[in-house]
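Colleague: Residue numbers (the working numbering), protein chains in the order written: chain A, 1 to 425; chain R, 1001 to 1112.
Please note that the accuracy of each hint is not assured.
Not everything, but these chain R residues come out facing chain A in the computed CB check (under 8 Å) [said to hold, decoys possible]: (1) His1040; (2) Ala1047; (3) His1052.
Since the hints were derived computationally from the structure, they do not count as laboratory data. No experiment lies behind these values; they were computed from the predicted model shown. Just so it is clear, CB atoms sit at the ideal spot from N, CA and C, and this is done for glycine as well.
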Amino acid sequence: MTAFAQTRRELVIGMAGIAALADLSPKAAAQMKARLVVVGGGFGGATAARFLKQLLPNASVTLVEPDTDYYACPFSNLVIAGLRELEAQRFGYDGLRARGIDIVHERATDVDPVAHTVTLGSGAMLSYDRLVLSPGVDFIWGAIEGYDEAAAQVMPHAWKAGAQTALLRRQLEAMKDGGLVVMSVPPAPFRCPPGPYERASLIAHYLKTRKPKSRLLILDAQDKFSKQPLFEEAWAHLYPGVIERLGADDFGRVIAVNPAVRTLATDFENVTADVANVIPPQKAGEIAHRAGVADMTGWCPIDPITFGSALQPDIHVLGDATIAAPMPKSAFSANLQAKLCATQIARVLAGLAPEPTVLANTCYSYLSDDAAVSIAGVYTNEGGKLKSVEGAGGLSPSGSDPVIQGNEALQAAAWFRTITEQTFG
Amino acid sequence: MQAVSAALGVVTLALLLAGCGSVPSWPDERSAAAIPALDHGATLSLACSGCHSPAGGAIPSLEHRPAALIRQSLMDYKAEADGTTVMHRMMHGYSEADIDAISTYLARSATP
Ligand SMILES: Cc1cc2nc3c(=O)[nH]c(=O)nc-3n(C[C@H](O)[C@H](O)[C@H](O)COP(=O)(O)OP(=O)(O)OC[C@H]3O[C@@H](n4cnc5c(N)ncnc54)[C@H](O)[C@@H]3O)c2cc1C
């Protein structure tokens, strides 16, 4: 008999035992029909809703997400560079609905952690036994002087995918050959640490193949950056003379912009761009602040085993909004955190203690249309914090081996298909 | 699919049991073992399903592989200190016990 069949048999016995029990207490009934509300239908929230429903089929699972179309950020840099269509980034919620999840297309405007309620844009309220928040990031408008939502229509951030992605692509397409593209990178922490440098690589690819007299300047508030040796090696090798980067030590940090004339100001100089991509400083999505789960840093401290908020009971926080370093703010992380959180919620509802485990992350970055590199990490979540396992993880090998980098590009594409299937089902 | 839906039934039932306040619930280890989707191996394996799908392709499917085979390849990744793939870099961080639990779970959970 397999272990599983054995389990099955024990259950059947258990089941007969239950028949003999008195009626369920109201508390028991409530637990079976636990009201689970998830706010945010991105990589963290959609995955959480899916796995909560899968593990707890009798619970009511409601996913609150204002948009009917979700545009995935991973691979959106390929769209900007003209190597992929935006349509390939679009996902919907029919798959989750078919799994029995209630999808409410509204914005959550408030959370009352004491009353256990979520207020929606329409004024309607949802009551929850447990709330999962995965609102992603919001931008700190005004942190760069002059950079507000109106400025983003002229100098796109393209750091939430969709219309902004399309806008940046159109601007590159409309730019004359010989133009100057400027990217502004914020201080850490921000969504997808290697993302700006993948974007720089792919914009350089576009310039080299379509507008070879053009240049890309990266004005960077960071000194060091994710996968730095691999990116710098690739830039020298694939795009010599195309990319220039000024780090924080070289006065690269942008402090003000003027969208009327498309200038970016550092402490040292004013640069006029033909196309400007301003990635603003970030914080946890606004609803996390309303719910009282964000701290002074602007991000949300969590228990690393359950992803329960360190500040409010019965609220879990996932993905980019959390303080989960050394785990990066990635779609891979958000998806795994969601699956773990759903598992731990199911354990608790089943009367079991939450259990520590080993977590991992992999992020691929494209260097060109057919080459990619990766970073991996392995983490433990015992002792109240996430910790990198020493001797594990790290970068793809340097040396620009076309076979290795070609394989990683294929693996990246396979990863995208799987992670989006895992999330939107 | 059978294994999955059976596992779901198990969780539902566990909930039912946990809910019966006056009835003594199962001791922890036994309950955990009775809920395959929530056990240690299943939880560890959540990290695999972000990349590996039954569709296979550039990232191979893990379906229909005996536990011994999965275990051997994971142990090989772990042992090859100069391996360059993502799997090498990750397996260096997993213990032999983790690898045992993962291979057992993955072999058990494959779609029939
Ligand atoms: C250019 C770029 C490239 C990237 N590439 C990769 C990559 O290759 N690999 C990788 O792993 N990651 C990548 N990422 C990172 C990845 O996109 C994020 O880490 C991931 O989306 C985080 O998931 P999340 O659930 O935290 O937030 P999101 O996916 O942003 O989801 C948040 C959702 O919450 C909703 N929401 C917000 N507020 C409310 C509210 N009040 N009420 C209701 N709903 C609300 C939003 O509408 C949104 O749908 C990239 C990011 C960028 C910008």
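Colleague: Now look at each hint and say whether the structure bears it out.
Modeller: Outcome of the hint check:
1. Contact between His1040 of chain R and chain A, as hinted, is supported at the beta carbon level, the nearest pair being about 7 Å apart and thus within 8 Å.
2. A least Cβ separation of about 4 Å between Ala1047 of chain R and chain A falls short of the 8 Å threshold, and the interface hint therefore holds.
3. Nearest Cβ of chain A to the Cβ of His1052 of chain R: about 7 Å, under the 8 Å cut. The hint holds.
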